[in-house]
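S.K.: Please build the complete structure, drawing on both the sequences and the hints.
This note's numbering applies: residue 5 is where the sequence shown begins, and numbers increase by one.
Hints are computed from structural coordinates only; laboratory data are not their basis. Among the clues, some could well be false.
Below, computed lysine-lysine pairings styled on DSSO-like, alpha-carbon distance capped at 30 Å [unchecked claim]: (1) K500 / K482; (2) K666 / K388; (3) K535 / K598; (4) K216 / K194; (5) K598 / K572; (6) K82 / K980; (7) K896 / K853; (8) K896 / K824; (9) K688 / K388; (10) K824 / K860; (11) K995 / K938; (12) K844 / K439; (13) K82 / K938; (14) K381 / K662; (15) K368 / K470; (16) K896 / K869; (17) K392 / K555; (18) K388 / K368; (19) K25 / K194; (20) K555 / K431; (21) K591 / K535.
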Amino acid sequence: MLYFITAHQIVSLTGISFERKSIIGAVELTIVPNNEKVRIIRLNSKQCRIYRVLLNDVCEAEFVYFDPYLDISQGDVKTRSLDTISKNHLAAAQKTDPDVNAGELFIQIPPEGYHMIQEGRGLRICIEFSLENPQGGIHFVIPPTTEDDNQPNSAHMFTYAYENSTRLWFPCVDSFADPCTWKLEFTVDKHLTAVSCGELVEVVMTPDLRRKTFHYSLTVPVCAPNIALAVGPFEIYVDPHMHEVTHFCLPQLLPLLKNTVRYLHEAFEFLEETLSTRYPFTCYKQVFVDEADADISAYATMSIASVHLLHSIAIIDQTYITRTLMSRAIAEQFFGCFITSYRWSDTWLAKGIAEYLCGLFSRKCFGNNEYREWIQKELARVVKYEEKYGGIILDCSQPPAPLPVSSTNPSASSGKQQEIVHYFPIKSLHTVSPKYVEAMRRKAHLVIRMLEHRIGQELLIQVFNKQLALATNAAGTKIGVGLWSHLLISTNIFIKAIFTVTGKDMSVFMDQWVRTGGHAKFSLTSVFNRKRNTIELEVRQDFVNQRGVRKYNGPLFVQLQELDGTFKHTLQIENTVVKSDITCHSKSRRNKKKKIPLSTGEEVDMDLSAMDDSPVLWIRLDPEMILIRDLNIEQPDFQWQYQLRHERDVTAQFEAIKALEKYPTNATRSALTDTIESEQCFYKVRCEAAHCLTKVANQMVTQWSGPPAMLNIFRKFFGSFSAPHIIKQNNFANFQLYFLQKVIPVAMAGLRTSHGICPPEIMRFLFDLFKYNDNTRNHYSDVYYRSALVDALGNSITPVVSVALRGTPITSDSLSADAKLVLEEVTRLLNLEKHLPSYKYMVSVSCLKVIRKLQKCGHLPSLPKIYRCYAAYGQYLDLRIAAMECLVDFVKVDGRWEDLDHLITLLETDPDPAARHALAQLLIDNPPFTKESKSPRLDRLELVERLWRNMNNKLAYDTKLRCDMVDLYYALYGNKRPHCLQSAEMTNMYKELKEASNKKSSSSLTPLISSSIGTSATVTTSHTVVTTHITTTAPTPPVDVKITHVSDSIEESEHKFSPSANGNSNNNNSNISNNAKRTASEAFEATDDLAKIETSEEISAANEPIKNETYDGDGKLEVNASTSNDAYSATESKKLKSELYEEDENSVTIVDVSESTIGRMDSSFDSTKPDNDFKHKLDNISKKKKKKDKKKHKHKHKHKHNKDKDKNKDERERKEKKDPSISRLQAKEATPETLSSADSSNSNSNPPFNFQ
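M.R.: The following block contains the structure:
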């Protein structure tokens, strides 16, 4: 029970400073204690500096501030596992949860104030506070100043509280379950406008006439999380259709605003008519701001939306997105702002109902096909999330009722098991993953749809209407009446409301789908019994043990399309395997033509020649999508083709297209082609069929006849009459053809010949589209179309074919003709965008992705500089996100630690919260490494510490990003402790053992090692210098190694490096490890401790001096190779991956140095080969060199020509060509190799010294 309830709150912000990014203000809460013995009042307040607290304006109270998020793990410096921080994370959330009388601000009632605490009488608490440079909850957007006086100052600020995070900008009771009335006052500069919740009562100028105060009043009780504020130089537009609705935008955006909100009044009219209830507030305001955290956020009487939703009348694609989001924000005014939830576990109701109402409006706006396709997509996303991360429990406040124990239900505790699946606590909003919240919203919507099918849409709307009527009645009363609880909704209240309206008890349904996570997964097979004229169905649930999947008990609808019509059947699912014999209503008549009646009532002619004896044309499972399920239906290809051609439900057509990818036949090709050409088909079905036809054509490439797939279709629809290869002028009046015109080039670019390259005819076709594109007479913008053409160029790129070119510097001459044309076009478009930017920089976004594709396929040097420029703060958000996506991919494939460090720094310090969240999601979806695929060059202790600090304390004021960091930590390391931490501990232990052994062996080392750092031995061939240094592990400064280039001479030093027939040859074999991917400047740093070395660097140029290192016992062997005097610079070369150290459990437990070598042999060298093989290879090198030097007569050498060797010369060369382990010391061109790592030791290698 709450100790008090809030009756009224006044918020007064008098000092809003954009220069200092600060706020000075005061709040006054009027609370009604429920108990006279209350001595401590707990409120929510974060990052605010509290100056004093007054009770009833007369009594000053002491207060204490405690925020557990400032150190979640409470000094735990060792564990570093998600299992541990999850418990502490939940504990921190519960310590400040206002629903359980907790908070960050503790106000102690002094003895002289005890008489003020009386049950039923209000107590006023006045708190003076300030806020400077906020880290979350409130965002200042201050554009860089320009010298152009014509450019208006668009500096503005707004709140972006993530769910219940209003405590970040003023003290309050930050709970959805504590509504109250509000009075809001904001003093700002006179050229600014303050927009907040409630009705604007008055605007008063200050006495100095330099500032003005906006007074807002909200008489309808709402909770603190639904209070928002936006301040800026907004332009104001009153909706011409509804004068209660006002829109605000930044300067110079008013024309876009007017077009964007043209149809907003229709959403109000639709919802009021559907719910039979008037809009619950007196006004509605919509503010468009820059750098918004989300596309749109709904608050009481207002919404804060991103400027990215604005569009002109010429934009087609964005219209669908913007209208849907704005209508959802209006639906949330009814459920979410007016009616709120009792606790976090009940938020699924408000979110699900608002999404359901938004779906109904979208169906009215965009049609039933668009609506069903959206539902199918939402269902697929929920299934995908649950199978990857675990089941989503909508209401975790109480477990489901125990299932009756029977043979069909052996387990009654599955619900409890689901709760512990996730790596984050789901009992608090401030600990759950943002991905989980988004998936939960989708699943909540699907559950509301399931209810619609169970009780009917009309009765479901009546339930909503009943809740709204109770809330409207309660909102008009005073707090003392005690009806404000009707403004709240919970799962149990909803169950009772359904029972009141319909007489149906939905408790079992709620237990099954709301209080239990997971979805059903069915597999369907069928066999036709000709004798009995029945179809034998078998429905299996074989995946009940899979993550996110659970066993389903209940009805399942099956729809059979037979020759005589459509027939629906209900199967009762009780076991994991259910068999059912369904009698067919018609008999097979393959050779007779007859019109087939469909479910829509129409009759169509079908070619039945492909049928077998079965009269069933196709089978559908759960056609209305009333279950949250995943399906796997097995039926012959001709049934899928019939379903695609003749089924009128778009969801069935999408299922058929997906299934036909596995049947590359001429009949499939024909069905897909007819679908693309059919103007009666839904446009998204036609677009999906185009992509499917690409996959089918690539599988049929050897038997494909005629022109490339879809070429004739495109020319038929969009080619000129006199010259079909020249495209007509753009005319996007027909939206179906517009979307088809965008998709077909992208699909065609995915076609491949039998050699795996894009057909030349397709490349000419794509470049002609760029050449002849003419949008001069089109009413609509072609920016999305041009962006799609760039995407098509990216799809046409294939990897470099020539093996000889790999590893060599990439120049313009080495580019293929097609790649050069693609690069020229992309460069032209990028340069054009700087002077004539397209809408939302769509073309530049596609160009960046094509450049990344060129890099990955080996056509361009893999360098991150261009992406860093576009990802920098100040660029347009969509462009930044595209560049970040390329950077994330670059880091995973080619990146070094510096590149990952740049991304993490961006994630920590970027001023735009939307960009930070987007980058976090990109890293989570495409992590640089995972616990399964380790990356020694990126998996460092420093990364663990940085992520941990962000989770533990640095992001105390940004819940969304903190939970993003938890997701990223899980993606990289999983639930358990990162392996590199364990490796570091073992390294330290090894270091201590080694230091002890060094002390013991110091006397034996002294006579063996000279006073210098090491003994140098050099063997020089005509094009290669191999320098060997044997260094001790004493903590001495690193010695710079100078690489000399000797073109045609052999320099012999005191100690010749040559393989011998004795036992040391194995040692030499194990120590020579050549890696042609590293420059001398990027060589490994010398360290005191061998086991600490875990670095991996990138090659900058294949022809630069190369420095390789392996480790043998306590000695370090360096192999330096120079292949050319003129080394290519890093910017002109292609970076190749290399790995020195791959951590595993073997890499740090090496204590016996005499039997192990810390260093893995080069991938091209096999240490198990006989010594003679290696000897032959080095002999061959030296022999060729000596022969060349002899001709030039630069040095005098005595050569004993062995005739036997000359006879066997050709034979040895043939062997070496066949031998895959030939030493790279012979190669002039460097090839990508993987350098050795410490976890792969050579048992044959012996250390030069024994430290035992």
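S.K.: Evaluate each hint against the coordinates.
M.R.: Verification of the hints:
1. K500 / K482: holds, 25 Å
2. K666 / K388: holds, 21 Å
3. K535 / K598: holds, 23 Å
4. K216 / K194: Holds - the C-alpha atoms of K194 and K216 are around 5 Å apart, at most 30 Å.
5. K598 / K572: holds, 22 Å
6. K82 / K980: holds, 12 Å
7. K896 / K853: Satisfied, since the Cα-Cα distance of roughly 15 Å is no more than 30 Å.
8. K896 / K824: holds, 26 Å
9. K688 / K388: holds, 21 Å
10. K824 / K860: holds, 15 Å
11. K995 / K938: holds, 23 Å
12. K844 / K439: holds, 25 Å
13. K82 / K938: holds, 22 Å
14. K381 / K662: Roughly 13 Å separates the two Cα atoms, so the pair holds.
15. K368 / K470: The given pair, whose Cα atoms are some 24 Å apart, holds under the 30 Å limit.
16. K896 / K869: holds, 16 Å
17. K392 / K555: With a Cα-Cα distance of about 17 Å, the restraint between K392 and K555 holds, given a limit of 30 Å.
18. K388 / K368: holds, 28 Å
19. K25 / K194: holds, 18 Å
20. K555 / K431: Holds, at roughly 24 Å.
21. K591 / K535: holds, 11 Å
Of the hints listed earlier, there is not a single one the structure fails to meet.
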